[in-house]
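K.L.:
Given the coordinates of chain E, assemble chain L onto it according to the supplied hints.
Chains as they are written, first to last, in UniProt numbering: chain E, 1 to 326; chain L, 1 to 520.
Be a bit skeptical, because a hint or two may be false.
What the hints assert, rightly or not - Taking lysine-lysine and the PhoX-like style, the derived pairs with C-alpha atoms no more than 20 Å apart in a straight line are: (1) Lys-241/E <-> Lys-225/E; (2) Lys-222/E <-> Lys-241/E; (3) Lys-229/L <-> Lys-392/L; (4) Lys-169/L <-> Lys-83/E; (5) Lys-112/L <-> Lys-171/L; (6) Lys-171/L <-> Lys-83/E.
Unchecked claim - Covered by chain L, according to a simulated footprint, are these stretches of chain E (three or more residues, beta-carbon under 8 Å): (7) 77 to 89; (8) 154 to 162; (9) 259 to 273.
Said to hold, decoys possible - Cβ pair distances, simulated, as ranges: (10) Ser-216/L <-> Ala-183/E: 33 to 41 Å; (11) Asn-305/E <-> Gly-178/L: 34 to 42 Å; (12) Thr-25/L <-> Ala-181/E: 17 to 25 Å; (13) Gly-55/E <-> Thr-62/L: 39 to 47 Å; (14) Ser-218/E <-> Glu-259/L: 55 to 63 Å; (15) Ala-122/L <-> Thr-257/E: 49 to 57 Å; (16) Tyr-175/E <-> Asp-126/L: 42 to 50 Å; (17) Asp-126/L <-> Phe-299/E: 53 to 61 Å; (18) Ser-216/L <-> Ala-181/E: 38 to 46 Å; (19) Glu-173/L <-> Ala-3/E: 49 to 57 Å.
To be clear, the hints were calculated from the coordinates, so they are not data collected in a lab. Glycine included, each C-beta is placed from N, C-alpha and C at the ideal position.
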Amino acid sequence: MFAYLAKRVIQAIAVMFVISLIAFAIQGNLGDPLRELVGQSVSEEVRQQLRDELGLNDSFVTQYLRFAGNALQGDLGTSYFFKEPALDVILKKLPATLELVFGATLIIVGLSVPLGVYTAIKPNSILSRIIMGLSIIGISIPVFLTAILMIFVFSVEFGWLPSYGRGDTVQVWGYWQTNFATADGWLHIILPSIALASIMLPLFVRLIRAEMMEVLQSEYVKYAKAKGINPWRIYFVHALKNTLLPVITVGGVQIGTMVAYTILTETVFQWPGMGFMFLEAVNRVDTPLIVAYLIVVGFIFVVTNTIVDLIYGLVNPTVNIARMGA
Amino acid sequence: MTKFVRSLAAAAVVAMAPVAYAETTVRVAYDADPVSLDPHEQLSGGTLQLSHMVFDPLVRWTQDLQFEPRLAESWEQIDGTTMRFKLRSGVTFHSGNPLTANDVDWTFDRLKQSDDFKGIFAPFTDVEVVDDMTFDLKTSEPYPLVLHTATYIFPMDSAFYSGTTADGKEKAEVVKHGDSFASRNVSGTGPFIVSEREQGVRVVFDRYADYWDSESGGNVDKIVLSPIKEDPTRVAALLSGDVDFIAPVPPTDLKRVEEAEGVDLITMPGTRIITFQMNQERVEAFKDARVRKAIDYAVNNAGIVDRIMRGFGTVGGQASPSGYLGYSEEFAPRFDLEKAKALMAEAGYADGFSITMMAPNNRYVNDDKIAQAVASMLAQINIKVDLQTMPKAQYWPAFDERAADMMMIGWHADTEDSANFHQFLTACPDDATGNGQYNSGNYCNEEADKLMNEANAETDPAKRAELLQKLEGILYEEAAFIPLHWQNLAWGAKSGMNAAEIVNALNFPYFGDLVVETGS
Numbered sequence: 001m002f003a004y005l006a007k008r009v010i011q012a013i014a015v016m017f018v019i020s021l022i023a024f025a026i027q028g029n030l031g032d033p034l035r036e037l038v039g040q041s042v043s044e045e046v047r048q049q050l051r052d053e054l055g056l057n058d059s060f061v062t063q064y065l066r067f068a069g070n071a072l073q074g075d076l077g078t079s080y081f082f083k084e085p086a087l088d089v090i091l092k093k094l095p096a097t098l099e100l101v102f103g104a105t106l107i108i109v110g111l112s113v114p115l116g117v118y119t120a121i122k123p124n125s126i127l128s129r130i131i132m133g134l135s136i137i138g139i140s141i142p143v144f145l146t147a148i149l150m151i152f153v154f155s156v157e158f159g160w161l162p163s164y165g166r167g168d169t170v171q172v173w174g175y176w177q178t179n180f181a182t183a184d185g186w187l188h189i190i191l192p193s194i195a196l197a198s199i200m201l202p203l204f205v206r207l208i209r210a211e212m213m214e215v216l217q218s219e220y221v222k223y224a225k226a227k228g229i230n231p232w233r234i235y236f237v238h239a240l241k242n243t244l245l246p247v248i249t250v251g252g253v254q255i256g257t258m259v260a261y262t263i264l265t266e267t268v269f270q271w272p273g274m275g276f277m278f279l280e281a282v283n284r285v286d287t288p289l290i291v292a293y294l295i296v297v298g299f300i301f302v303v304t305n306t307i308v309d310l311i312y313g314l315v316n317p318t319v320n321i322a323r324m325g326a
Numbered sequence: 001m002t003k004f005v006r007s008l009a010a011a012a013v014v015a016m017a018p019v020a021y022a023e024t025t026v027r028v029a030y031d032a033d034p035v036s037l038d039p040h041e042q043l044s045g046g047t048l049q050l051s052h053m054v055f056d057p058l059v060r061w062t063q064d065l066q067f068e069p070r071l072a073e074s075w076e077q078i079d080g081t082t083m084r085f086k087l088r089s090g091v092t093f094h095s096g097n098p099l100t101a102n103d104v105d106w107t108f109d110r111l112k113q114s115d116d117f118k119g120i121f122a123p124f125t126d127v128e129v130v131d132d133m134t135f136d137l138k139t140s141e142p143y144p145l146v147l148h149t150a151t152y153i154f155p156m157d158s159a160f161y162s163g164t165t166a167d168g169k170e171k172a173e174v175v176k177h178g179d180s181f182a183s184r185n186v187s188g189t190g191p192f193i194v195s196e197r198e199q200g201v202r203v204v205f206d207r208y209a210d211y212w213d214s215e216s217g218g219n220v221d222k223i224v225l226s227p228i229k230e231d232p233t234r235v236a237a238l239l240s241g242d243v244d245f246i247a248p249v250p251p252t253d254l255k256r257v258e259e260a261e262g263v264d265l266i267t268m269p270g271t272r273i274i275t276f277q278m279n280q281e282r283v284e285a286f287k288d289a290r291v292r293k294a295i296d297y298a299v300n301n302a303g304i305v306d307r308i309m310r311g312f313g314t315v316g317g318q319a320s321p322s323g324y325l326g327y328s329e330e331f332a333p334r335f336d337l338e339k340a341k342a343l344m345a346e347a348g349y350a351d352g353f354s355i356t357m358m359a360p361n362n363r364y365v366n367d368d369k370i371a372q373a374v375a376s377m378l379a380q381i382n383i384k385v386d387l388q389t390m391p392k393a394q395y396w397p398a399f400d401e402r403a404a405d406m407m408m409i410g411w412h413a414d415t416e417d418s419a420n421f422h423q424f425l426t427a428c429p430d431d432a433t434g435n436g437q438y439n440s441g442n443y444c445n446e447e448a449d450k451l452m453n454e455a456n457a458e459t460d461p462a463k464r465a466e467l468l469q470k471l472e473g474i475l476y477e478e479a480a481f482i483p484l485h486w487q488n489l490a491w492g493a494k495s496g497m498n499a500a501e502i503v504n505a506l507n508f509p510y511f512g513d514l515v516v517e518t519g520s
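Just chain E, with the same shape it has in the complex (with noise of 0.2 Å):
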């Protein structure tokens, strides 16, 4: 067991040093920071000394191992645009984003089980095919766009939704704000929550409607059915117990890819989080900041990965004597 957990740890810094190997790599394709820190009439002659601060005129290894020295010790070097510790301004911008996760988490746990179970057991009904049907079009609208119309629709149109920010949010614990605190908090997480999950939503519908409808087709629900059980207590106790178990397995993995997705979410509705910072600092050129959220956002899937081969380890023997052989 001993050996497995040192082999996993070890792949797991190998891969955060490939990770910082590109992420770093990359910076040099994003453009000049200069332009974005000084105004046009500035002379070349005073860019350069500038540069030469910054260190950016010197070599890539020296730069490289510069950057894995100070990230060692926790340094992910300072953000042009907000003058502080890159680490620091992700570590504020990250509750935002993880408060917005778990909105969008509520709304797909609340509806998906409802809404997929409903569609397994009356697969031809009128309303059946109308959500099925609004399945694709969730899933084939591109979030930014799902995102635009309800801000037209329920902002401007009907005036019932903020279009835009945070709101009132109120100090918990450290960096962390939260919006489910106060009216206000809560009316400015429903929009940005309803965006960030309608990719989401739709996928789990038909997830969850295809692995109930596989059930509702085996022997002891048949038999549960020949007993005289009522028909509810099949569909929601012995039935859907089975059907969650995989869908839990894939949820736990794509709660994770949903942190992509806030990008968008977060730009459109300038959701001060993690996601909407990255793509500013993209365009601001503010590579430290870009540099650290590659790091960041991959040592968080590095992590999750690691803990989860782990307990598989621990659970299942069998999984990591396969592991090893390979």
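P.N.:
Below, chain L alone, put in the same frame as chain E:
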């Protein structure tokens, strides 16, 4: 007990109610927020917008591009190189310190150290303090743009910015990137105090209770500025009433904002010219003025403004916008396809040639679409264009390398003066002086440069206008570059805000003077 709580709550409501109603708050959404609270860190629209809220300039521009006294009450020319300013008395900084000539002197020295501003202040040698309320602004040569430049002097609170911080850094230091005292702390004389700031999310300004300008009817107590970068979201925020004032309104939404109830669209011609430059070092044919003229004749810039800009631009035939000294109606936009073909034939290029073209796709309004249109217009005179558009972050390094035969550049003169266009865009490139730094066409005409130098030493506005118009005339005759249009400016505001009174062609609204109708 419950009775006590209830009466306490009632008392609290009564006590708080008048405060809540008396306050006039304006919520503003721009496409970006200032990069720093330090007015000297970056010379950009965002910084100047902030400066006009938190600081005050010595003089400022009016809507019709005249000078208006602000912290300087009056001024007079003492000799060829000295302008004497009298300061307004009774002005205090947000810290409570009174404004004196020493603050101006201190601010001037700091401007001279700022990478972004020292170019503008290069002709100026010194500020000499005469007495507490009087100072002389000195130039090395007679210089016509003293007042133009004085609009960039926003006196800073020298006492507030002197000394060192807890960690031993100079408070006055101008730091381009990274953390400095001035980038986070601010004390000016302006109508508003920065009370809260989360960069990239929100800046809150409170009215400065002791603001000197009591004649101004400005009645805004609080401004909340949020950057909303996405065009559709910014427009939606205005239309839904989440914000009261937005800038810019994107061309695609002009009609929508104009027709919407409860909001007004305010537009004005701007002073930024969009142009194409033709690189004579890369393409032999561009050395021939007839070819350059043919291109100018082939480009239908009125059509571009009409179709691509949806009427939201002012068609240009030269660099200087109307209101600048160099502007003349004589230099009208050219468009005549037959003439263009004839000129090409005359120059021996009837069969045309192939060129490369580059333009940014996120810097100017519709920049990539404009470039596509120009490319297809050139096809009509047999010039085959290989067009490449890219984000500005990649475009500027390419522009510096002069990486294509024709390149797009837009320019706004920091000095609000015609000579500035020539100095950066069409003057003979010279590394020592920095002239022609953005001249990717490598156009060079000694006579034009001579006119610019003469104009820059001429303090009589009438004679200056003559020189600058002559200069523009040469560039026009030679088709030194292809002028397209001046971008218009557009703001959206809640009706009844009187926002049209405080905006200007330079795009720094004077929020201190904003009179919002209350109780409507």
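K.L.:
Does each hint hold? Answer for all of them.
P.N.:
Hint check:
1. Lys-241/E <-> Lys-225/E: The given pair, whose Cα atoms are some 16 Å apart, holds under the 20 Å limit.
2. Lys-222/E <-> Lys-241/E: holds, 16 Å
3. Lys-229/L <-> Lys-392/L: holds, 16 Å
4. Lys-169/L <-> Lys-83/E: holds, 15 Å
5. Lys-112/L <-> Lys-171/L: holds, 16 Å
6. Lys-171/L <-> Lys-83/E: holds, 16 Å
7. 77 to 89: holds (count 6)
8. 154 to 162: holds (count 4)
9. 259 to 273: holds (count 5)
10. Ser-216/L <-> Ala-183/E: 33 to 41 Å: For Ser-216/L and Ala-183/E the Cβ distance comes to about 37 Å; the hint holds.
11. Asn-305/E <-> Gly-178/L: 34 to 42 Å: About 36 Å separates the Cβ atoms of Asn-305/E and Gly-178/L, which means 34 to 42 Å holds.
12. Thr-25/L <-> Ala-181/E: 17 to 25 Å: Since the Cβ atoms of Thr-25/L and Ala-181/E sit about 22 Å apart, the hinted range of 17 to 25 Å holds.
13. Gly-55/E <-> Thr-62/L: 39 to 47 Å: Given about 45 Å between the Cβ atoms, the range holds.
14. Ser-218/E <-> Glu-259/L: 55 to 63 Å: holds, 60 Å
15. Ala-122/L <-> Thr-257/E: 49 to 57 Å: Since Ala-122/L and Thr-257/E have Cβ atoms about 54 Å apart, the given range 49 to 57 Å holds.
16. Tyr-175/E <-> Asp-126/L: 42 to 50 Å: Roughly 47 Å apart at Cβ, these two residues keep to the hinted range, so it holds.
17. Asp-126/L <-> Phe-299/E: 53 to 61 Å: Holds, at about 54 Å.
18. Ser-216/L <-> Ala-181/E: 38 to 46 Å: holds, 40 Å
19. Glu-173/L <-> Ala-3/E: 49 to 57 Å: holds, 55 Å
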